[in-house]
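Residue 267 in the UniProt record's numbering sits at position 267 of the sequence shown, with consecutive numbering throughout.
Hints are computed from structural coordinates only; laboratory data are not their basis.
Don't take every hint at face value.
To be verified - In silico SDA-like links for lysine to any residue, alpha-carbon gap of 20 Å or less:
hint : residue 1 : residue 2
1    : 464       : 448
2    : 388       : 201
3    : 388       : 195
4    : 388       : 192
5    : 479       : 446
6    : 464       : 509
7    : 296       : 224
8    : 398       : 433
9    : 464       : 503
10   : 479       : 509
11   : 479       : 502
12   : 464       : 502
13   : 479       : 442
14   : 385       : 196
15   : 457       : 509
16   : 457       : 436
17   : 464       : 487
18   : 464       : 499
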Amino acid sequence: MNSAPPTSTVSIPSSRDAYLRHLGRDIPAGVVVFLVALPLCLGIALASGAPLLSGLLAGVIGGVVVAMLSGSQLSVSGPAAGLVVIVVGAIATLGSFSAFLVAVMLAGVLQIVFAWLRAGDIAALVPSAVIKGMLAAIGLLLIIKQLPVALGLPPSAPLDSRLVDEAGLAEAAQQALGMVSGSNLTVAAVALAILVLWDTDFIRQRRALRALPAPLLAVLWGVLYQRFAMHASPDAALAPDHLVQLPAIDGPASLLAELARPDFSALGNPDLYVVALTLAIVASLETLLSLEAVDKLDPMRRVAPPNRELYAQGVGNIVAGLLGALPLTAVIVRSSANISAGGRTKVSAVVHGVLLLASVLFLSDLLRWIPLAALSAILLHVGYKLAKPALFVEAWRKGPAQALPFVVTIAAILATDLLFGIAIGMAVGIAFTLRHHAQSAISLTRYEDCYLLRLHKDVSFFHKAQLRRHLAKVEAGGKLIIDATRCERIDHDIEETLTDFQRAARVAGIDVTLRTPGPASRVPRALAAAGS
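Produce the entire structure from the sequences given, and follow the hints as far as they go.
Next up, the structure:
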């Protein structure tokens, strides 16, 4: 495809002068976003069980390819925590990272199809309780997956249900505690403390400190600890397999040699298409939610076209699959950092992408000093923010219609997978909506032996059971007024139920009066005749 799908209203600068005018703001903002994104790209790749280089490449593609095609001036794309669960499961299901890359490309194709189908409003069709439940479940899974990394536990001793089943809870905990690395725990604990501190009012009220990205500080702390320990007390230093593992890259040629390639033989695996569909749906949802949030934060009040964004993300994911990168979405953490740093146009996102590429080409030796425990602390903090207790309290206070879909979505995702969990959550949310619609459509009031049955809106077969319950309450010899003045249309099932009641009412001595909204044509002829 050579062009993006048609879009509706969009307010973005299109001339070169508009971009040049904001360079003084955009370049510094791009540097800040780069400093935020670097540890996140590495951390998300770590959590995904993918090569760490793939996370950095995803940041480069999101910053350059997607930013240039996107209609949003402030949104920043890259690897996202929300896709970690899918990536981990997909690599295991498909058998290799190379096979997974084909699924990423297919997901990109599907996103372009979504754009041409003008499905940019799809996020509005998913209940907010389900979206919050999805994000909370992702947060909980991030915490579960990253705790062993923060504690320095070896991969051969995972903290999962199998260990608990075989050894018992107490023995499993004892075994795990015996394997904890003090050095890893120290790095992770201090890094986590930095991240928590940077979220407090104490830091927010101090502009100089607030300008320093907390994830970068957490990583710098880990690097300084490792460098100091290597010289002062080698026994306290982290083992090499607890540090970032990146290939030695000293230029474009060596980078090209290290790129993972998609394995197109995986196209014969049916699971590939399920993974691609899951990726496309979840990545699109996360992108559209992020886009909506960024539009609200934009100081220039611009509105980005969602269908063009889906197109840009689709192209980005096709490129990501070809070049061995993780899948992309628009990411609110990086986007909000861009806005806070004063970014005004997409130049800031491109600058961040170029700097990520430069770090891959020329700083790989330095990046290999970063402890995995510091990256795991960043992800633990992200996981907590996605699943913080306040979300559960808020859902509880809003009542069962919000709380139940929220909790069911979380439980279903934890028990099955992301796509199936979202489907179950949506089914519960839709059930509550239909129940509320059915309950509010019909009411029955009584005064002595007189009954008033009101049809408050157009009624359908969904309301038949409720209608029958109300009609059963009308006693023999009474008088029933059916008020249908607010209805434009009465479904055939409802007409049949009322007509049957009319016949039975004559036998029971019930006087039935039907009020219609005007012209007789608006109420079924048989029902109007029965009520006359």
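**Message:** Hint by hint, where does the structure go against what was stated? Just the numbers, ascending.
**Reply:** Of the numbered hints given earlier, those the structure breaks are 1, 6, 7 and 15, listed in rising order.
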